[in-house]
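**Q** Turn these sequences into a full structure, and let the hints guide you.
Sequential numbering of the sequence shown, starting at -13, is according to our numbering.
Be a bit skeptical, because a hint or two may be false.
Unchecked claim - 20 Å max Cα-Cα, derived PhoX-like pairs, lysine-lysine:
no., residue 1, residue 2
1, 108, 86
2, 86, 54
3, 116, 86
Hints listed in this document are in silico derivations from the structure and should not be mistaken for laboratory results.
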Amino acid sequence: MPTAPHPQSTDELYQALQENDRRPYGRTRTVTAEELVDAAEQFAEPVPLVHALLELQEAYTYGSEPRKSPVVFARLLTLFDEQPDVFDERLRHMLFWRFKWVANALRALPEIPLASLHQWMKEMRDRYEKAGLGLQPYYGQAYQLAAHVGEDTTLAYELWAARTRTRLSDCEACEICERALYHLTAGDDERALRTWEPVLAGKESCQEEPARSVSHALLPLLRTGRTDRARELHLAGYRSCRRNPSMSHEVGRHLEFCALTGNEARGLELLAENRNLFDEVDSPLDLLGFLTGVEVLLQRVELLGHGELPAAGYAGRTWTVAGLRAEVRGRADDLAARFDARNGTTAHTDRRRARLDRAPLLDALDLTLRTRSLDDVAPAAPVAAPAARTAVALPDSLPELILRARTLDQQGHPDAQACWARLRTLVAARDYTHPGDPAVGPLVQLRADLLADEASRAGEKDEFAEAAALHEEAAALYDDAGEPGHAALSRACALLATAETPAQGADGAEAKATALTAAHASMVRLHEETPELAPYQEARLLRLRATALGLRLQASGSEEHVEPVLAEVDVLHAFATRHDVFGQISGALMLRASTYAISGDLPAAITEIDALLDRLKAHGPAWHLPRTLGLRGRLQLGLQDAQAAHADLTEGLRLAAEWPPDAIDTTRLHADLAEACMHLGRPDEALRHLTRSAEMDLRRGSRTDAFCTYSNAAQLSLDLGRVEDCIALLDSLLAEPDVAAGEVDDRLVAQLRLTRARALHAGEDLKAATAEFVTLAAESAGWDDDPGSHAMIAAETAVLLGESGEFGRAREAADQALVAHARAPRYEQLSNCLRELARLQAQQQGPDGLADALAFLADAGRIADEARAAEYEAHGRSLDTALAYEHGRVNAYAGEYEDALAALEKALALLGEPGREDEHAGEWAECVRLTGAVEGLYLERPAPALTRLDAAVSRLTALGHTEETEPLISLAARLRDEE
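**A** Here you go:
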């Protein structure tokens, strides 16, 4: 099926060729190029056919289809021989340039005899000599052939590298890479890296560079101790080549880099992202490089004992690491053998073996903000976080294990979890036999215990409906077992979980407060109706009653709800003290401190928490210390003492390591530490804590919370200028199976994609950023419940389209933003967008773009009027001031200097002169500078311009704003020089 309408004229053909040239390389571009060649043949003109054939050869070359590229070039060469006058200077240059493309293609095909490669090299030399062209490009290809075959390259290298470059030489970046690879093959890492530096630093680039050089430089950088540089280049370089069939060899080297730096899990993630390359790479040489990199990774994973992990491989079946490795090994060995048979050497087998035999260069290198191990990607079960504490020793005797679990559970001891986990496994076994010991009780009681534990864990994950159902089921089993006290506790827990279940279609806070009031009343009745509770049971029931009222206070924030909580806490504290239930004494004091904190009395909360800490240190329980220190740290944050908060939270995290990972909420500790670090001006440390918090949420199964925290981490990394870190983190999250399957909240995923698009823009990948923004703008247009977000996204999209010079599409996006703004005003964002679009159009198009630029400013003027009527205050300068300044810039770009001067003087009047403490002094100085430039340089009125500038310099100097005077002094000096 045709991919585009059939061109009916040569003009339409050229337009179609230009449109296809903007497409990324791949099947769509290639198929379209093939269709356009067919279309060009209908015209009785050779020039359109030449252009179409050149586009088709380019599509084959960069689409990794080397078998087809020489065939197309043969047609071009025939046309050149038959009708040389058809080829103007540009077409002739392109034709001779592409002799090198054919040489590369033939080398990549093992079925092409070596004699045919040499024959092509002779053809290239003869053609160049006949055309009077320098032979440096020919010698470059001769050297590459020698290196490919595995011959001694010394002479071939000198014949090429010593010659002067010509117009047909490979670009500087490509030649730098070849020279560096020569030194690398000779074992000189340092010289290779010195040679590569202009490319690695971004000073030289092309279609393939620096991505190709980066992939080869990664291991030399590690071997020479430049690990940070290797990490940085891996992140940027991989993004440039991923999923690209023509750069599959480079992808393979990034996989190898992961395998040799302790990042096997990331390697498997990248392999999954590049699964298409198994089937889309038609170049045997590129495929050999890719498969060898894949095998290095899979070999390492299997060596670490994870051969049964799933791996992404050839389509049509599922693969394990071990199975895919065997398949890849067979195919890659065959390819290497075919090249060696063609070349008459063992070079490709030897190079492949060298890569496979290479030992890891580092045990671990943190490549991304989301460092994971192979255990983390195992599908069987969530992985427990590594614990510093020795695992608890469990009794071998089943009766002892059951009694130990119950005793620890009564105390609230963290080690109860390990006991219940072991019992859950034993009871699930088919051959399980329940002990007949009367002290253990019947099997139904144990099943109730296990359900109650499962319910508690569901509640910790905020899965309240599930928790309520499990607690009710446990209560029924406790009734059957003749345990009314446990049944009452389970029912009380079910009441609390039900009250915490989010209500549908109601005022959330009010509905929750009402539900908790009812739950508390039911608990009180339940308490009254259940006689002969054991002290620990009654204390726990009192704790649940107080918790319900505490949650009600948290939901409502009502002052009238404070005293009821404190009254229940007093009852709990008195009862627990009377019966020495230490865990509930601590719980009562913690609830009291939390109640003071919620009511806004932070000093009283600190006093209570300090008393609790003293008690815990003296009497225990010790496992309450991390949580208590965490609360104290949050209180210190509320009191704006970030240093004290950091100390408390750090100590809480240290003590938490002494207990099982799931027993202490270290997720919250890390998140609070991140906040403390931000207050202390330590953003990099904050970033580490955010990512750890998120990963722990993932381990606990709280995926939404994890993605929210990761979203914050990504934004922080972007704010810190760590663009590639941000993109790599978001790429990893967006590749998660549940995200890809649409199972995660679409707005949360949209926020991740939005941050990624902004990071792409910050990383100067305007094309990719614009594409993502356009997609997000289209999706957010359907968010009827959130037009404000659509207004913001559409506005940002418009600006990126403007930066790309697509002002027609930018106008459409801006109009969408304006429509959404009418429903949910975003005054400042829309004003900023419209002013920036006006600036971009005037700057790029000059006088031709003035009318459209002024139309954008007219819209911005209406936004400013609306904001003024709504009494909206902008966060920075006023919208009217900003608008006047932009009128000045836009008119200046378009050459309308009188209008520009008038607008800038209006902006200065709106700004007013700065004061000593005025933070807008820099803005005022810039407005004076631009006004002076328009007046003095473009309107050629230096005298009033100098008067203006000198007065401004004096004013700023007197106020102590000396830094802001520098551009004004420089402009004044220039005006005086030109007088």
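**Q** If you check each hint against the structure, which ones fail?
**A** none
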